[in-house]
Amino acid sequence: MGGNHADHHHAPDGHGRALRLGIGGPVGSGKTALVAALCRTLGPSMRLGVVTNDIYTTEDADFLRRAGVLDPERISAVQTGCCPHTAIRDDIAANIDAVEGLEERFGPLDLVIVESGGDNLTATFSRGLADKQIFVLDVSGGDKVPRKGGPGVTTADLLLINKTDLAPLVGADLTVMSRDAAAVRDGKPVLFTSLREDRGAHSVAEWVTGLVHDWAHHHRAPAPTTSTA
Amino acid sequence: MTAPPDRAQSERAQPERALSERARDDRAQADRAQAGWAHAPGRAARSIHARAAVVAEAGPGGRTRLTTLRSAPPLTLRQTGPERVHLVSTAAGPLGGDHLELDILVTEGATLELGSIASTLVLPGPGRSAMVVTAQVAAGGRLTFAPEPTVLAAGCDHAMTVRLALHADASAYWREEIVFGRHGETPGRCHARFDATVDGRPLLRQEFTVGDPAVDGSPAVYGDARCVGNVLVAGPGFTHPEPGVAPGRAVLPLAGPGTLILALAPDAVELRRRLA
Amino acid sequence: MNAMLLLLADSRLPAGGHAHSGGTEQAVASGAVHDVASLAAFLRGRLATAGLVAAGLAAAAVTASGAGWAELDAEADARTASPAQREAARTQGRLLLRVARRIWPAPALDELAAAVPSPHHPVVLGAVAAATGCSPRDAALAAAYNAVTGPATAAVRLLGLDPVEVHRLLAGLAPALEDTAATAASACAAGESARLPAHAAPALDLLAEQHIRTEVRLFIS
Ligand SMILES: Nc1nc2c(ncn2[C@@H]2O[C@H](COP(=O)(O)OP(=O)(O)OP(=O)(O)O)[C@@H](O)[C@H]2O)c(=O)[nH]1
Ligand SMILES: [Mg+2]
Chain W
1 MGGNHADHHH
11 APDGHGRALR
21 LGIGGPVGSG
31 KTALVAALCR
41 TLGPSMRLGV
51 VTNDIYTTED
61 ADFLRRAGVL
71 DPERISAVQT
81 GCCPHTAIRD
91 DIAANIDAVE
101 GLEERFGPLD
111 LVIVESGGDN
121 LTATFSRGLA
131 DKQIFVLDVS
141 GGDKVPRKGG
151 PGVTTADLLL
161 INKTDLAPLV
171 GADLTVMSRD
181 AAAVRDGKPV
191 LFTSLREDRG
201 AHSVAEWVTG
211 LVHDWAHHHR
221 APAPTTSTA
Chain S
1 MTAPPDRAQS
11 ERAQPERALS
21 ERARDDRAQA
31 DRAQAGWAHA
41 PGRAARSIHA
51 RAAVVAEAGP
61 GGRTRLTTLR
71 SAPPLTLRQT
81 GPERVHLVST
91 AAGPLGGDHL
101 ELDILVTEGA
111 TLELGSIAST
121 LVLPGPGRSA
131 MVVTAQVAAG
141 GRLTFAPEPT
151 VLAAGCDHAM
161 TVRLALHADA
171 SAYWREEIVF
181 GRHGETPGRC
191 HARFDATVDG
201 RPLLRQEFTV
211 GDPAVDGSPA
221 VYGDARCVGN
231 VLVAGPGFTH
241 PEPGVAPGRA
251 VLPLAGPGTL
261 ILALAPDAVE
271 LRRRLA
Chain L
1 MNAMLLLLAD
11 SRLPAGGHAH
21 SGGTEQAVAS
31 GAVHDVASLA
41 AFLRGRLATA
51 GLVAAGLAAA
61 AVTASGAGWA
71 ELDAEADART
81 ASPAQREAAR
91 TQGRLLLRVA
101 RRIWPAPALD
111 ELAAAVPSPH
121 HPVVLGAVAA
131 ATGCSPRDAA
141 LAAAYNAVTG
151 PATAAVRLLG
161 LDPVEVHRLL
171 AGLAPALEDT
181 AATAASACAA
191 GESARLPAHA
201 APALDLLAEQ
211 HIRTEVRLFI
221 S
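So the protein lines, in turn, are chains W, S and L.
Note that the working numbering has the first sequence beginning at 1, numbered continuously upward.
Note that the working numbering has the second sequence beginning at 1, numbered continuously upward.
Note that the working numbering has the third sequence beginning at 1, numbered continuously upward.
Among these hints, one or two may not hold up.
Partner residues are not named here, just some residues of chain L that face chain S (Cβ under 7 Å, in silico) [said to hold, decoys possible]:
no.: 1; residue: A32
no.: 2; residue: A41
no.: 3; residue: A78
With beta-carbon atoms standing in for the labels, derived distance ranges [said to hold, decoys possible]:
no.: 4; chain 1: S; residue 1: R201; chain 2: W; residue 2: N120; range: 49 to 55 Å
no.: 5; chain 1: L; residue 1: A114; chain 2: W; residue 2: P72; range: 29 to 35 Å
no.: 6; chain 1: L; residue 1: G66; chain 2: S; residue 2: E108; range: 31 to 37 Å
no.: 7; chain 1: L; residue 1: L7; chain 2: S; residue 2: P266; range: 41 to 47 Å
no.: 8; chain 1: L; residue 1: H167; chain 2: W; residue 2: E59; range: 31 to 37 Å
Derived from the structure by calculation, the hints contain no laboratory data.
Ideal Cβ placement from N, Cα and C applies to all residues, glycine included.
Take the sequences, apply the hints, and build the full model.
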């Protein structure tokens, strides 16, 4: 992290910078697996950067670097001082610093993904940090989780219910989850995946691609292409 | 150990150091010698003001000559090698009220090593004691300053000041060790300030306080250590140790052209080992 | 004392401070800080050393300008032997400067950012204090307050200490905070940045260097 980018100011409306996508959700739900999948699928056609917010270590960043899905230099790790939700919601300074550091070193970028440290159902990204956010749940937590709601489940731009491969094992009913989620999400999309089986998270990647094109269209003039790395 | 040949000359060059003054110093010295290590009330009613100096210059062929070697008891300087000087304390102390100064000048291309024969035991007395070391090292000069530790006896009140001014091409190895009292002794008070500059720009500024209840024993400052020490390695003339950290010891690359070895230890022997 | 100073010193100021423990995490890991009493000794020592140094620099930054920014930043460097601590101070400084320029836009802050991209935190704190109309003494007080409150909060989180007990401890430190600010402000009034307080804390240096080499940690510093 770090670098001499204090004097690097982006317009607060996001003009001229990459789309910032937050990925949040409880511990172990598959956030890092999703980041890796998105890098695999989108990496060839987009200029990417990744910021991880590990709770104890730089394990997620290390995992992603080892996975070889992205140039290790384009992955920044941020420590969050016991409070993963503070770092993405109340005091986003360190994350902004990391995002801007990536943009400064590798920019222009099309997409910067910020993975939050695993937290609870109330942890959502500040709009000052993430333009769009995905909340990742997994079925092993039980099929009652979407019904419980919470800001992550209800307000995320995309709710992803992961580890569908485990549903039979834990006795989770996916139709119940789907119905409960729809009830609290007011029409916003819900996707089901098994990142174990679909290592490219293709449905999510498609949704993200739409966002990135949209973002480029509205925040850069003239609209650039998002193709060719 | 013999007196350096130019000592007489340098003393002659100091007419302000009048005979009577020297006599007074000698008397105080005798008092001290009699008093030994302990603080004896009624002794040394007169405190000592002394200023010693050493100047190292590169002579023809690049050999260093000590062109000034001015002792001022209790600061007695002895040349112990071609470019080496030892401080031989000719009295106990400093005692409270004493004001001692040592000026060191290493001119262009010269080398000087300065050590001491024994540790300095700082004793109480009427008032505060002070030790001021001022050192300048010119381009290509090389100074090693590695005296034995300063031991803070019970009841002392001491101020230590070091001003080290280096030219950008100068080199220095500077050691400072402070021991918090003799064995089992609670030390008195001490304030040490160290300022090192390179071409006038700050390289290292550090103050150490002992005897302040906020600081003594704080896990943020000395923890349960009984002594603290530093070695500053600056400039191209010395090998800078590799950065790292071990129990009670860290090697810290400074922002400027220097490296600091920092150590805390339970005793002076261990401190020296950690500073090596 | 004014409302701006309260905002500036508030831990809710979103400038990244929450992720720094100022050596507390490592002191807890080593066992040196393990309860309220050892935390008290830790904070008192921290205030008398790093806190006083930060207070002096912050007070001096209130009246700095032009070439003074780089000079003061170099003075901060010379008082921070540990590279880990320099990095933590510069990271926090950069973050504070970035948010402050949005909250309290001022030419002096732009000038500082241009002169030193990632200044030491106390230098930025003083500059921001000036931009909000605070005095050198206010800036020093904010720096002193910062030097103990962040580590205290970290200890509450790491050790599960009773937060009320810890705040009682902080309240007990209030007179020492005032004294520190007064000492710093008068050192700064003397006008020479070279003479500002430079109190070293060897244990903090060791803790910082151990911490940065620790794989498993929750805090940046
Ligand atoms: N069976 C199964 N396991 C999965 C799936 N996706 C991820 N995992 C596994 O779940 C574990 C946690 O995945 P991560 O991607 O590290 O989860 P995370 O949300 O990033 O975890 P934290 O960052 O620690 O909160 C890993 O062992 C993954 O291999 C899935 O679809 N099915
Ligand atoms: Mg993860």
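message: Range first: 41 to 47 Å. Now tell me if the beta carbons of L7/L and P266/S are that far apart.
response: 46 Å, holds
field: CB-CB spacing for E108/S and G66/L relative to the 31 to 37 Å hint
entry: Because 34 Å falls inside the window, the suggested range holds.
field: A41/L as chain S interface residue, shortest Cβ-Cβ below 7 Å
entry: 5 Å, holds
task: Using the beta carbons of H167/L and E59/W, state whether their distance is inside 31 to 37 Å or not.
output: 34 Å, holds
- prompt: Is the hint on A78/L kept, meaning its closest Cβ partner in chain S is under 7 Å away?
  reply: This hint holds: A78/L lies near chain S, its Cβ roughly 4 Å from the closest one there, short of 7 Å.
- prompt: Taking the closest Cβ pair, is A32/L under 7 Å from chain S?
  reply: Hint holds; A32/L Cβ to chain S Cβ min 4 Å, cut 7 Å.
field: Verdict for R201/S, N120/W (Cβ pair) under range 49 to 55 Å
entry: 51 Å, holds
field: Assessment of proposed distance window 29 to 35 Å (beta carbons of A114/L, P72/W)
entry: 32 Å, holds
In the structure shown, no violation is registered for any of the earlier numbered hints.
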